[in-house]
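Chemist: Residue numbers (my numbering), protein chains in the order written: chain A, 17 to 565; chain B, 44 to 345; chain C, 522 to 838.
In short, the hints are calculated from the structure, not lab data. Take the hints with a grain of salt, since some may be wrong.
[As the list claims (entries may be wrong)] One-sided excerpt, in silico: chain A residues whose CB lies under 7 angstroms from chain B:
#1 Pro159
#2 Ala269
#3 Asp294
#4 Val346
#5 Ile350
#6 Glu396
#7 Ala413
#8 Gln417
#9 Ile421
#10 Ile424
#11 Asp425
#12 Val438
#13 Thr441
The beta carbon of each residue, even a glycine, is placed where N, CA and C say it ideally should be.
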Amino acid sequence: MGTQTEKVVREYARRFPRGVLLMAALAFGFQAWTADTPQAATPETPQPGGELVFAVGAEPPSFDGHRETTFAMIHPVAPHYSLLLKFDADNYPKIVGDLAESWTVSRDGLTFTFKIRDGVKFHDGSLLTARDIKATYDKIVAPPAGVVSVRKASYAAVDRVEAPDARTVVFRLKWPEASMLANLASPWNFIYKADILAKDPRWYEKNILGTGPFKFVEYVSGSHWVGKRHEDYFVKGRPYLDGYRALFIRDTAARLAAVRGGRALVEFRGDSPAARDDLVRALGDKVVVQESTWICALTLVINAEKKPFDDPRVRRALTVAVDRWEASRVLSKIAFLKGVGGLLRPGSEYAMPEAELTKLAGFGKNIEASRTEARRLLREAGVPDGFKFTFKNRDVAMPYQPMGIYLIDQWRKVGLNVTQIVQETGPYTADLRAGNYETNQDFACDFMDEPDLQLFKYLSSDKSPANYGRYKDPTLDDLYLKQARATDPAERKKLVWAFERRVLDEMAYQWPTLWWQRIIPQWAKLKGWKITPSHYLNQDLRDVWLAKE
Amino acid sequence: MGERVFELPEIGFSARLEAAMPRGVSALLWFLRKKPLGAAGALVIGGMLLMALAAGMVAPYDPLETDFGAMLGPPGRAHWLGTDAFGRDVLSRIMHGARTALLVGFASSFLGATLGALIGVASGYLGGRVDLYTQRGMDIVISFPIIVLALTVVAMLGSGTFNLILAITIPFIPRVSQVVRASALSIREMPYIEAARALGMGKARIILRHMFPNVMASYLVMLTAFLGQAILLEASLSFLGLGTAEPTPSWGLMLRGAAVEFAERAPWMAIFPGLTISAAVFAFNVLGDALRDILDPKLRMA
Amino acid sequence: MRRFILTRFLVMIPTLLGVALLVFLLLRVVPGDIVQLKYAGEGAFVPKETLDLERARLGLDKPLWRQFVDWMWGMVRFDFGLSMWTGRPIRTEIALRLQLSLQLAIMATVIASLLAIPLGTLAAVKQDTWVDHLVRIFSIAGLATPSFWLGILMILSLLILFGWIPPMTFTPVWVDPWANLSQLIWPALAVGYRYSAMATRMTRSAVLEVLREDYVRTARAKGLWEPLVIARHALRNALLPVTAVIGLEFAFLIGGLVVTEQVFNLNGIGMLFVEAISRRDYTMTQALVLLVGVTFIAVNFVLDLLYAILDPRVRHR
Chain A
17 MGTQTEKVVR EYARRFPRGV LLMAALAFGF QAWTADTPQA ATPETPQPGG ELVFAVGAEP
77 PSFDGHRETT FAMIHPVAPH YSLLLKFDAD NYPKIVGDLA ESWTVSRDGL TFTFKIRDGV
137 KFHDGSLLTA RDIKATYDKI VAPPAGVVSV RKASYAAVDR VEAPDARTVV FRLKWPEASM
197 LANLASPWNF IYKADILAKD PRWYEKNILG TGPFKFVEYV SGSHWVGKRH EDYFVKGRPY
257 LDGYRALFIR DTAARLAAVR GGRALVEFRG DSPAARDDLV RALGDKVVVQ ESTWICALTL
317 VINAEKKPFD DPRVRRALTV AVDRWEASRV LSKIAFLKGV GGLLRPGSEY AMPEAELTKL
377 AGFGKNIEAS RTEARRLLRE AGVPDGFKFT FKNRDVAMPY QPMGIYLIDQ WRKVGLNVTQ
437 IVQETGPYTA DLRAGNYETN QDFACDFMDE PDLQLFKYLS SDKSPANYGR YKDPTLDDLY
497 LKQARATDPA ERKKLVWAFE RRVLDEMAYQ WPTLWWQRII PQWAKLKGWK ITPSHYLNQD
557 LRDVWLAKE
Chain B
44 MGERVFELPE IGFSARLEAA MPRGVSALLW FLRKKPLGAA GALVIGGMLL MALAAGMVAP
104 YDPLETDFGA MLGPPGRAHW LGTDAFGRDV LSRIMHGART ALLVGFASSF LGATLGALIG
164 VASGYLGGRV DLYTQRGMDI VISFPIIVLA LTVVAMLGSG TFNLILAITI PFIPRVSQVV
224 RASALSIREM PYIEAARALG MGKARIILRH MFPNVMASYL VMLTAFLGQA ILLEASLSFL
284 GLGTAEPTPS WGLMLRGAAV EFAERAPWMA IFPGLTISAA VFAFNVLGDA LRDILDPKLR
344 MA
Chain C
522 MRRFILTRFL VMIPTLLGVA LLVFLLLRVV PGDIVQLKYA GEGAFVPKET LDLERARLGL
582 DKPLWRQFVD WMWGMVRFDF GLSMWTGRPI RTEIALRLQL SLQLAIMATV IASLLAIPLG
642 TLAAVKQDTW VDHLVRIFSI AGLATPSFWL GILMILSLLI LFGWIPPMTF TPVWVDPWAN
702 LSQLIWPALA VGYRYSAMAT RMTRSAVLEV LREDYVRTAR AKGLWEPLVI ARHALRNALL
762 PVTAVIGLEF AFLIGGLVVT EQVFNLNGIG MLFVEAISRR DYTMTQALVL LVGVTFIAVN
822 FVLDLLYAIL DPRVRHR
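Kindly produce the complete structure, drawing on both the sequences and the hints.
Modeler: Pasting the structure below:
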């Protein structure tokens, strides 16, 4: 999902060295992380054995992580693979080694050298060498014709990848890239086998061969996916499980029934509060719930090319009319929505604090005053009372539908008459891209908090293919580059906030309505799995185990 | 093909019917005595029609009015049938939803039955190549599963009430046309039609003036049968997310999403609209049965 | 008779061709494009050149007539081709689900027949008594209950009463009959009930009709034992239209159980249908529509034959 931001961000930003991030990277790099043996999330002694059954709400279009953007691929497939680096689930956003044992970054920030673990075996028994990692990243950075690498642009800084010996991989950059390390911990970058890629770079779209904790057993389309323990896994004593089974269950009600009936122990994307409460009530202490804020937001896109939405006053009225605090209070009871925030995940490093946020249009806490203002703005812009327009939404129940109903209701309260058009993903995406809409509900999900990624969606539409709002604003583009260049975190924060004020308040182009809340109710006997702010992270199931009853 | 799916008279003896049936108030009484189940159905339908027409006046709340203080409220004095996930009054939404349901039901079954009947009569009367081609065309449409046809229409045109009507109408057409064609085939050779032909009447006129009224019985029975089906189909399509869109009140839509999620904690959200759908379809079915019994001379002789 | 069979058979060919052409064109008119959805459905951005390459690989860059001819040529050789979405042979994908769908259809048919024939006959024999009314209310209620509703109700009751739900994955009956049955019996009941409603009504009116025929009156007049009259004379002759209804419904069950399959999470043809359409998997949707069309037309063909054999008048119509 939503990784479009990562895609082109680097291409645009690469002309500008980014001091602050660079410094951070250098400091980080020189520490030369040593990947130690992972610790279990719980103090209890893990018990080996058993098969974990979990539910997945959709099926992977292909098995190739470099190509896909959906959790439906990550959840069943990730346990088969290792990454070079990964996010530490217990201490997000800390990065630790996966295949990399340790690493160093040169003083100029242009050379990343990774020491690869010894004796790592693929599921076919062959040894993993630095060559495999080089081949993998070559495919990600510069895919051959006809091979898709969706996040290619995140690696635009990579000049070349070298494998001087079997246990060393060197990334040489064209310019210093602060978030390079984080991007090398991308949950999508499964490490593949060089020999196979050399023969057929698309082999991995339909086949599995990795070094991850679990081997591939079978995939029955429409039904399930099975993996079993990789005996030669490079971490001794892992994985704990004998195997896992992912059940594909499209229907939400059926999926919840599966968890409740014990046919599956968990669903890793996120459930609604209703599902959580029902499970807790029905199963008592047999279930535990983990919650986290989520690097996903619902956004309202306004077509700035269509009248009267070309008038900032009208757009402003639309956002002012929406009571986000009430939305959070109310919708958090019925949907996995909660956080009131600007362009960055509430509570994350660069996010605006509430005191600042409430000064922006649409974030104020006095809704009566806001509604009066919205009506005034509409009147000034010559929009008549009872003005009709359309709102396009995806036919995905959660969380799109509840927010849709809420928005329409809020607009109705300032005299706007909105018709909702619900579309399938296909036509929905097509219309969004073609500008064939007046207002539209979009979403954005990323695997890490990073202003470069999250702000990218709001750049001028000719700069960012992820901006569907159809506006051009040099001020924003300029601010974006400045924040990327800022040397001091406080300085960068100011610029990010200025960017947010411009998007959300002054011009009210398009705006997040609510940030998602990740709620994972799971059977208590499932241990060793820790929630993170992204449903793309921490899915290799390496440390997961099942308690015997 | 289709004629075996529906239990229908082969020929509509409208002339005999008129002679045999009582008129006016006595007709109503006769119907009530003879077909109590059918009369009950008619009553329910009448009530629903009234509800749909007067929803604006009768409904206790605005169906769109949210009340976040009363989310998921159980049935009680303030909200007789409880409230939904947005605090909207379930009863008011059912009342207003009757509009959508009946509109979709009547419009699609009327359109489907009428177009089907016209095509069927014309095809049966004209015979020959026209008949052959039309019937093959109808065969093609009928070989598509209804739900798939609806899926395609909605995917093509988008969701919404009008497209929903269209999606439900299309599969009805061939089913009616085949039944009606069978009736038309047998009427074609009747002496009075021959007489009309001999008098030099045009084909269009014969079809509309003489053929069509004589297949009225089949037409009416199919129309009522489809009404129930259309309402059910609307619910199913809405359940699949292909029907009308929120916040428009619709019975099918009321069973979707939150209704399923809260089925245990707030069962009223799903039970009442579900019962309403069943009641409506039930009523249309018993009424259809009663009509068929009356209009079908073969069964009446028993 | 031979001529009748031959004409009926020949008529099937243009119908099927029409079905094929219609679905082929419809799919290409529907907005949303398989390649776009496959690569960029969830908001990712993929350059046009890559999409074009993939389109060319799937043969979507060829002119429409050429695509159609290629497809038809494949069908003639019983080559269904590859699913555009999964890239796997359509034959395998369908075979996988047909097992479940076929078994479910058979189970539902058995349940429906077991309910419908005795109930329908009973209602006819006891016409206009309380038995008749009860049976009719029972059967109309079946028609009036949305099937997804019944399914959800069933699952919820199982959950609440027993804390148990049917297995989520299909096990073939010869591998583990118990697991197989405990999964499929519930949807079979839900579908069978609804299906029986139609068949009950048909049985009732067919038996009513036959009861009025002269030979039944004669049999009764001869003082034959009533149940024998009904079983030997009435039911046997009434069975034909009932078989027709059951047969047509069976054809429908193969691909039409979209909602039920979704509610019970069954990996059947109906779900495959919905997924193929929503993914714009052209080849898969085409194959499925044709499969359902063939089933439907074949069932009709067999029914027509049956009618022709049993009722000579039909042949000369």
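Chemist: All hints are to be evaluated individually against the structure, with a verdict given for each.
Modeler: Here's how the hints hold up against the structure:
{"no.": "1", "hint": "Pro159", "verdict": "violated (32 angstroms)"}
{"no.": "2", "hint": "Ala269", "verdict": "holds (5 angstroms)"}
{"no.": "3", "hint": "Asp294", "verdict": "holds (6 angstroms)"}
{"no.": "4", "hint": "Val346", "verdict": "holds (5 angstroms)"}
{"no.": "5", "hint": "Ile350", "verdict": "holds (5 angstroms)"}
{"no.": "6", "hint": "Glu396", "verdict": "violated (27 angstroms)"}
{"no.": "7", "hint": "Ala413", "verdict": "holds (5 angstroms)"}
{"no.": "8", "hint": "Gln417", "verdict": "holds (6 angstroms)"}
{"no.": "9", "hint": "Ile421", "verdict": "holds (5 angstroms)"}
{"no.": "10", "hint": "Ile424", "verdict": "holds (6 angstroms)"}
{"no.": "11", "hint": "Asp425", "verdict": "holds (5 angstroms)"}
{"no.": "12", "hint": "Val438", "verdict": "holds (4 angstroms)"}
{"no.": "13", "hint": "Thr441", "verdict": "violated (11 angstroms)"}
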